[in-house]
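Colleague: Add chain B to chain A, keeping to what the hints say.
Number of protein chains: 2
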Amino acid sequence: MTPRVSVYIAVSLDNYIARDDGALDWLADVQDAGGGDYGYAAFMESIDAVVLGRETYDAVRTFDTWPFTGKHVVVLTNRAFTPAFGESTYAGALAPLMQQLGEEGVARVYLDGGATIRQGLDESLVDDMTLSIVPILLGTGRPLFARGVPSTHWTLLHAESFPTGLVQLHYQRS
Amino acid sequence: MTPRVSVYIAVSLDNYIARDDGALDWLADVQDAGGGDYGYAAFMESIDAVVLGRETYDAVRTFDTWPFTGKHVVVLTNRAFTPAFGESTYAGALAPLMQQLGEEGVARVYLDGGATIRQGLDESLVDDMTLSIVPILLGTGRPLFARGVPSTHWTLLHAESFPTGLVQLHYQRS
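Protein chains in written order, with the working numbering: chain A, 1 to 174; chain B, 1 to 174.
Simulated from the structure, these hints should not be mistaken for lab results.
Here the structure is a predicted model, which is why all the values come from computation and not from measurement.
Check each hint, because a few of them may be wrong.
Here are a few chain B residues that sit away from chain A, every Cβ distance over 12 Å (derived from the structure) [what the hints assert, rightly or not]:
(1) G22
(2) G34
(3) R79
(4) A107
(5) R108
(6) P150
(7) T164
Listed next, the stretches of chain A that the computed footprint assigns to chain B, with coverage defined by at least 3 CB atoms under 8 Å from CB atoms of chain B [stated by the list, open to error]:
(8) 8 to 17
(9) 144 to 152
What follows is a set of in silico ranges between Cβ atoms, one per label pair, in the way DEER data are often shown [unchecked claim]:
(10) A:G86 - B:A115: 50 to 58 Å
(11) B:A107 - A:P150: 28 to 36 Å
(12) A:T62 - B:T62: 49 to 57 Å
(13) A:A23 - B:T155: 17 to 25 Å
The beta carbon of each residue, even a glycine, is placed where N, CA and C say it ideally should be.
Bound conformation, chain A alone (with noise of 0.2 Å):
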């Protein structure tokens, strides 16, 4: 049984994902005074491992604490890594990853950071994305979409938003 793969991510209007330098300072824009989460720690309880790139992980590496707890967490880069919380490292398509972790019992797999996500759609891979769009347009950035990703249908399972004027879109591929 191969998990589902699960997409999480805020874009802007105008589908950019960080802005040209990878910055996510425009984020501050729907954070919440309110303390809300936007459904991120239900998010995370549901998940069983996380896929993500070495640039994004490179990031998370920065933050104060280490975000992934408890999770199997797989990092795609073929350069040196040393491990800081058990975090293993693969390389190449993401469908055999997939198949191993679902083999070792991963029910949910988070997908994140650009290239990642647009490997596991490239792969027809993604089951499900939370998308949720931020009421800005950046003018420039990292693309969610990159041109070239195969055309697929989803279905619109649920849709909120916020005081903030975040809109959050659960689609699953149809």
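Modeller: Frame of chain A; chain B shown alone:
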């Protein structure tokens, strides 16, 4: 008093408003069997003038019925043009056109067509946008928000999801 300038358009999850050849066949996915129009008729009631590009105009002219009866229609074109329904033409920056329309008593303008919307955004003229997000990844096509549009913040006025999976978001420039 310059008119309020509005965008009302359907867009794929990956920010395309048409396939590369201009085709809109993918909108059939969200055709409402119940005959719902996602508020289009009400929107049309609220506008006094339509400003649209030549390519969009030429496409609209192939429709069985002229959809802009009773509206002041301005076609952005430099080329030879024979008005069929009293349309006027214009070429150049949009700001003076909006000024002129305002002087003629136009209170709200519907900006239609990819190139025209981009020009409106480039000139920071767009006051509100109704985006109908269609649950499909097209993979390629004509983008709504081209790289290089000015960075702008928007306020979410309304969000609504429909049984077809279409999500309609109404934003006002902040």
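Colleague: All hints are to be evaluated individually against the structure, with a verdict given for each.
Modeller: Tested hints:
1. G22: holds (16 Å)
2. G34: The claim stands: G34 (chain B) keeps its Cβ more than 12 Å from every Cβ of chain A (closest is about 17 Å).
3. R79: Given that every Cβ of chain A is farther than 12 Å from that of R79 (chain B), nearest at about 30 Å, it holds.
4. A107: holds (25 Å)
5. R108: Holds: least Cβ distance 21 Å, greater than 12 Å.
6. P150: violated (6 Å)
7. T164: Violated: least Cβ distance 8 Å, not greater than 12 Å.
8. 8 to 17: holds (count 3)
9. 144 to 152: It holds, with 8 qualifying residues against the three required.
10. A:G86 - B:A115: 50 to 58 Å: Since the Cβ atoms of G86 (chain A) and A115 (chain B) sit about 52 Å apart, the hinted range of 50 to 58 Å holds.
11. B:A107 - A:P150: 28 to 36 Å: violated (44 Å)
12. A:T62 - B:T62: 49 to 57 Å: About 55 Å separates the Cβ atoms of T62 (chain A) and T62 (chain B), which means 49 to 57 Å holds.
13. A:A23 - B:T155: 17 to 25 Å: holds (23 Å)
When held up to the earlier numbered hints, the structure conflicts with 6, 7 and 11 and fits the remainder.
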